[in-house]
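Q: Protein sequences, first through last, are from chains A and B. Following my numbering, the numbering of the first sequence begins with 126 at its first residue and continues without gaps. Following my numbering, the numbering of the second sequence begins with 126 at its first residue and continues without gaps.
Hints may contain errors.
Pairs involving identical chains hold if they fit within one copy or between any two copies, as the list cannot separate such chains.
What the hints assert, rightly or not - With a Cα cut of at most 27 Å, we get these calculated BS3-like pairs of lysine-lysine:
1) Lys163 with Lys270
2) Lys143 with Lys399
3) Lys163 with Lys244
4) Lys431 with Lys283
5) Lys234 with Lys149
6) Lys234 with Lys141
7) Lys141 with Lys279
8) Lys234 with Lys304
9) Lys304 with Lys222
In short, the hints are calculated from the structure, not lab data. This one's a predicted model, so the numbers in the text were calculated from it and none came from an experiment.
2 protein chains.
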Amino acid sequence: MKLSQIGELSLLESIKKKFKTRSKDILVGIGDDAAVLKPESEALLLTSDMMVEGVHFDLSFITPYQLGSKLVSVNVSDIFAMGGTPKYLLLGMVMNKDTDEEVVDSLFKGVQDAMKRYKVSLVGGDLSASHEGMVLSATLIGYGKRYVKRSGAKKGDKIYVTGNLGDSACGLEVLKKMKKPIPFEIMGHRANGKGLKAESRQLSALGLSMNDIEPLLRKHLLPEAKSPVKFLKNLSAMIDISDGLLIDLSRLCDESKVGARIYEEKIPLSAELKRVAGILGISPMRLALSGGEDYELLFTAPPEKKIKAICIGEITASGRVIIDSSGREKRFSAEGYQHFGIQR
Amino acid sequence: MKLSQIGELSLLESIKKKFKTRSKDILVGIGDDAAVLKPESEALLLTSDMMVEGVHFDLSFITPYQLGSKLVSVNVSDIFAMGGTPKYLLLGMVMNKDTDEEVVDSLFKGVQDAMKRYKVSLVGGDLSASHEGMVLSATLIGYGKRYVKRSGAKKGDKIYVTGNLGDSACGLEVLKKMKKPIPFEIMGHRANGKGLKAESRQLSALGLSMNDIEPLLRKHLLPEAKSPVKFLKNLSAMIDISDGLLIDLSRLCDESKVGARIYEEKIPLSAELKRVAGILGISPMRLALSGGEDYELLFTAPPEKKIKAICIGEITASGRVIIDSSGREKRFSAEGYQHFGIQR
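Pulled out of the complex, with its shape left as it was, chain A reads as follows (with noise of 0.2 Å):
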């Protein structure tokens, strides 16, 4: 059945059985005029993100799915960077009157398993058919007792990321050559190439395996975000890996108006990166600077702090510079980095 013989108010009606929750601290939910929350003693934490069909996504490589959970992940992220705990949902989304229940409902399953692993629940949003492409608007309601900027880094501090870089950006260039999505999240936790045949054979073409690729994939199509509560009180400035190390360190710099020296070889980088990359003929290196939506938290904190992440480098009075595997510094903007020639 399509979208248009559904109609809008049997659609909100199946939202709300599917979405119901039951929680004292919500006063109203959804379906008034707006929903009604319970006041808290934590400072209110906000963040909205929309994604475009041509623009942020393309259905022909991720499924609704994985496109409903990462809609929520990436809106997590931002409050986790904040250092803040989600807790309410308002979810827009405008389709095609075509679309097909299926793929309406397979995206609502996204959004529903995501919301419950990071423990949010809806409170509201609004529906639309149009004639044009899927547009998806989440805006997510936190709280913190504290809250970590991006512009409190200090001279210093360290640097320090949560997880491997460069997953993301080369499960992304795999879906390019696949072209086509990859349902691995109705097989169970680990692919086992169970009823994914054909991809197999066109991994196997590649030189690839669906070992080596499903978790690049998994990083790409359904990224976790991370929390960074054990970390939280020792905190100078933080941000989330949205748009790649490079850039998104810059910003952290800016905003602190500090420098930063960072080491190629502290960066951590995936056994799949290296070795997928590898066949494909990229440098891991620079999808794990450049490449994006990788969803790790990057943060700095005084030197005297013991901090249980991965440390890359430290902050500086001024300048951005990468040290390479054989000492060679270059300098950094966001756009990208420029090899300096400057042997130390």
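Take the given structure of chain A and dock chain B to it, following the hints.
A: Only chain B this time, still in chain A's reference frame:
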């Protein structure tokens, strides 16, 4: 200059400048991963609305300024309808990359002027360029010591509206005949026809005058949300009239599990509506009962409360009826109303 030539970053910079606010309640504004707001002791109200080109608006009927203003007013109306005070706005915009800079500027000016009127601050949002039509999304955050749901109406309560009904729908009918936007916002508070000679001639041919249609168009293109603050402590249920009196009254009755009896002769119609609807050959009462987008408040209060608003009827145990000027009773549903032919 086109949007694609301005670029996202420079547009973001200009927005940051335009919408800069200094409020001690905004701990972190636009430009970090999330906005951070001081905790408040009142309940938190949240509402979200999307406006899609070709579905909710048509740029051959509405100017970008009017659209921007209306986007804010529509959301403010939802917060008012809950009994809250609007405070913070998150704005999402997807615009075709060939959009002219003047369109973007004029839209922002409309948003900004409306925000000033309602004392609302911009704290975040998201911008994208696309290859398709415009999609606007707004999330509005408000606070309320007290809130009024749709579900509190009791048998015997009086039913009130805050102002004239049908003007907006009649304004739309005029626009459909004129087939062009009327930028009366650039001519000061009242249109005087200056610079609108062609439009005035076109109106004359339809037997209409600019003076007559101006308040109707204003209600449709630049609606102002009504604050319920002076009634608030006496109300039992409330909704704003966005889809039409009969539909929205039905919603209030559904949620409250009650019936309603309203009187045609008590429904406030403007002199302009009567005159223009007459000339267009449309029933003004039909526009007032079934036309949408008036953004007047519809609320109920116990009969002993003194309410300075327009009483149009009373809440009953069940059934939904409207009494016409000759005393005949008609039953109505959300979709419209049917003549019952019962004489009293």
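Q: Report the numbers of all earlier hints that the structure fails to satisfy, in ascending order.
A: Hint 2 contradicted; others consistent.
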